[in-house]
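**Q** Spelled out, the chains give:
2 protein chains.
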Amino acid sequence: MSNFRIFKQVPRLLFGENSINRLAELVPAKKDPKDYYVFIIDDVHKDSNIVSRLNLTNADFIEYFPASKKEPATYQVDEIKERIMKEKGNQKPISIIGIGGGSSMDVAKAISVVLCNEGSSSLYQGWDLVPNPGIHKIGIPTVAGSGAEASRTAVLMGKDRKFGINSDFSMFDAIILDRTLIKNVPTNQRFHSGMDCYIHCVESLQGTMINELARGYASKALDLCELVFLADGDDDMLMTASYLGGVSIVNSEVGVCHALSYGLSLELGYRHGYANCIAFDVLEEYYGPYVEKFRKMLKKHNIVLPKGVTKSLDSAALNRMVEMTLRMERPLTNALGENWKQILTPDKILQLYARM
Amino acid sequence: MSNFRIFKQVPRLLFGENSINRLAELVPAKKDPKDYYVFIIDDVHKDSNIVSRLNLTNADFIEYFPASKKEPATYQVDEIKERIMKEKGNQKPISIIGIGGGSSMDVAKAISVVLCNEGSSSLYQGWDLVPNPGIHKIGIPTVAGSGAEASRTAVLMGKDRKFGINSDFSMFDAIILDRTLIKNVPTNQRFHSGMDCYIHCVESLQGTMINELARGYASKALDLCELVFLADGDDDMLMTASYLGGVSIVNSEVGVCHALSYGLSLELGYRHGYANCIAFDVLEEYYGPYVEKFRKMLKKHNIVLPKGVTKSLDSAALNRMVEMTLRMERPLTNALGENWKQILTPDKILQLYARM
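If you read the sequences in order, they're chains A and B. The first sequence lines up with residues 1 to 356 when you count with full-length UniProt numbering. The second sequence lines up with residues 1 to 356 when you count with full-length UniProt numbering.
Worth flagging that the hints you see were computed from the coordinates, not collected in a lab. One or more hints might be untrue.
[Stated by the list, open to error] Using 27 Å as the maximum straight-line C-alpha spacing, the simulated DSS-like pairs for lysine-lysine come out as follows:
hint	chain 1	residue 1	chain 2	residue 2
1	A	Lys-348	A	Lys-307
2	A	Lys-8	B	Lys-31
3	A	Lys-8	B	Lys-296
4	A	Lys-8	B	Lys-183
5	B	Lys-183	B	Lys-311
6	B	Lys-8	A	Lys-31
7	B	Lys-70	B	Lys-31
8	A	Lys-296	A	Lys-307
9	A	Lys-70	A	Lys-81
10	B	Lys-30	B	Lys-92
11	A	Lys-30	B	Lys-8
12	A	Lys-183	B	Lys-8
13	A	Lys-30	A	Lys-70
14	A	Lys-8	B	Lys-30
Could you build all of it, start to finish, from the sequences and the hints given here?
**A** The following block contains the structure:
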């Protein structure tokens with residue numbers, strides 16, 4: 001019998017130019033003077049015209065999240081929750097709106113969870129550990145590629161690991177896909193984030209834990225990525241690729257690249273998309289033709305990846321990275337089968353890291 | 001600003017072989033002895049092993065719907081509702097499960113609506129006319145192609161027109177896509193229903209009311225239809241095509257073929273997929289290369305469409321068909337632009353019907 005997980009989807013989407021102006025159609029209406037929304041906004045947008053289009057009121061709680069500094073962490077989520085509850089006298093918001101890339105959206109998801117569940121967000125890292133439904137939440141990507149808008153996952157850095165909250169209650173109730181929000185993303189960030197989509201589609205399609213429905217999403221997202229990064233595909237296509245790729249990955253699994261890139265983020269603090277690019281570039285052995293195509297994309301967009309990034313790390317750090325990778329059992333099973341430990345040994349992992 | 005409708009999606013899906021056995025994971029649990037489910041099941045399955053897998057209890061209300069006879073009608077929906085309420089002493093079910101093709105699923109959707117809204121189902125034919133949320137409902141296609149599993153629409157024959165209930169409350173809460181359920185569909189029905197998907201994807205992609213996201217769904221569904229009907233695509237692909245095509249059409253619009261096929265169904269009682277095939281075969285002028293490909297599919301599957309189907313109709317019947325077609329303003333605007341009335345005149349419609 002099929003043992004695929006229940007395929008979860010965001011039930012409501014708004015798509016198209018300036019659809020962010022229609023946020024009010026998706027958000028629950030304020031009925032009481034105490035009602036308020038929480039906005040988690042990537043701090044690069046602090047003085048942008050995105051914020052001016054949100055109809056913020058004094059009652060709303062605005063958090064500018066420093067997403068470009070490093071990967072979001074559980075302690076940050078916990079701290080923001082504390083501040084919200086303190087400022088609002090324990091009154092919960094009626095909706096949380098996450099605006100930014102994967103990090104800001106993931107923080108919004110995680111705050112939605114911890115506002116309705118006791119204790120630290122680190123308690124809920126794992127699969128289906130969240131007992132109570134979270135606050136209503138909306139995701140609005142301003143960088144495309146992570147697929148966080150489509151997924152159940154809120155990836156957070158803990159003390160010694162990078163790990164996702166994966167729950168039906170960490171999924172957005174609605175999302176807005178508005179291409180005008182991604183038009184000013186710097187070239188490098190646009191590329192790294194777009195490649196996050198490309199890479200997880202490759203891992204999904206090349207893995208064993210996929211079905212025809214998820215394949216439909218992943219292959220369409222992959223085609224669109226290629227149109228965007230190797231031909232003349234536009235921002236609507238990139239937005240669509242990010243969303244469809246995200247849906248696919250909710251319902252399949254990543255692979256070797258994500259397993260290695262988590263180690264890079266853990267010890268070097270690299271952002272997820274960037275770390276994925278660095279890792280993917282040494283994975284010809286597993287994803288040959290796609291790595292070739294990825295290098296064409298790098299060239300076309302004049303993106304130069306650093307080399308020797310793990311040289312400065314001591315053996316303790318490298319060991320933590322190997323351990324982080326070995327924890328990624330499901331992605332590695334997806335990529336390499338049940339015997340993955342015989343294929344991706346600690347030595348092999350170190351060799352791969354050494355080439356990055 | 002974007003004026004696309006809010007893109008609605010079924011929030012939970014189960015995909016894969018024998019996933020019907022996992023229905024209990026999707027249906028609300030019975031908590032009270034009075035709790036029951038309503039099953040609307042295409043009567044071709046009456047003695048099949050599909051029914052034996054449903055764990056039906058004596059408390060449940062089972063309706064075998066004669067879907068193969070003709071298009072479902074508002075009076076049938078109203079009559080089933082009356083019987084349910086009478087038999088159950090006005091206690092409503094906690095879920096309605098529609099099992100069959102588009103007709104049986106549409107009847108399930110419509111019953112969900114009328115159980116929570118006063119009066120006849122005919123009152124709700126139109127767009128967003130349903131005030132109260134319907135009963136929880138699940139769709140399980142046993143014929144692939146209509147996309148009814150993905151859509152907000154419950155198409156019903158009224159006294160003088162075929163028309164859909166289109167509401168957020170006529171959308172399934174969950175669906176099951178299990179290829180084992182479609183393996184015994186007769187060749188002709190499989191073809192006609194599959195072509196419903198192919199044709200509405202063509203209409204969607206060739207129309208003006210589409211965006212990149214809906215295009216992603218429609219083009220993937222179209223590719224899968226071609227793999228299934230012109231190459232060696234399998235039933236998982238057909239299930240996926242039907243679903244993705246349905247999602248696309250919720251978020252774009254059909255075209256000339258559907259506008260004409262509704263007339264055929266109204267006067268000749270033809271099932272939707274069959275009527276679409278007959279109409280599409282004369283639409284080279286609008287969908288040239290796709291009609292060519294459709295004819296290749298007909299040939300490959302040894303499907304022979306009837307000719308001269310409108311010859312026996314009197315002018316009153318033909319006029320009703322023309323009127324039915326002219327009512328399809330949105331599809332015809334999608335296909336032919338704002339000036340569609342100058343292109344698709346009553347004379348032109350009669351000429352097209354005469355060629356069928």
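**Q** All hints are to be evaluated individually against the structure, with a verdict given for each.
**A** Hints and how they fare:
1. A:Lys-348 to A:Lys-307: holds (18 Å)
2. A:Lys-8 to B:Lys-31: holds (25 Å)
3. A:Lys-8 to B:Lys-296: violated (37 Å)
4. A:Lys-8 to B:Lys-183: This hinted pair holds, its Cα atoms lying about 26 Å apart.
5. B:Lys-183 to B:Lys-311: violated (36 Å)
6. B:Lys-8 to A:Lys-31: Given that 27 Å is the threshold and the Cα spacing comes to 25 Å, the pair holds.
7. B:Lys-70 to B:Lys-31: Outside the cut-off at roughly 37 Å; violated.
8. A:Lys-296 to A:Lys-307: Holds, at roughly 18 Å.
9. A:Lys-70 to A:Lys-81: The given pair, whose Cα atoms are some 19 Å apart, holds under the 27 Å limit.
10. B:Lys-30 to B:Lys-92: Between Lys-30 of chain B and Lys-92 of chain B the Cα gap is close to 13 Å, so the pair holds against 27 Å.
11. A:Lys-30 to B:Lys-8: Holds. Lys-30 of chain A to Lys-8 of chain B sits at ~23 Å (cutoff 27 Å).
12. A:Lys-183 to B:Lys-8: holds (26 Å)
13. A:Lys-30 to A:Lys-70: Violated - the C-alpha atoms of Lys-70 of chain A and Lys-30 of chain A are around 34 Å apart, more than 27 Å.
14. A:Lys-8 to B:Lys-30: Distance of about 23 Å is within 27 Å: holds.
The structure is inconsistent with the numbered hints 3, 5, 7, 13, although it conforms to all the rest.
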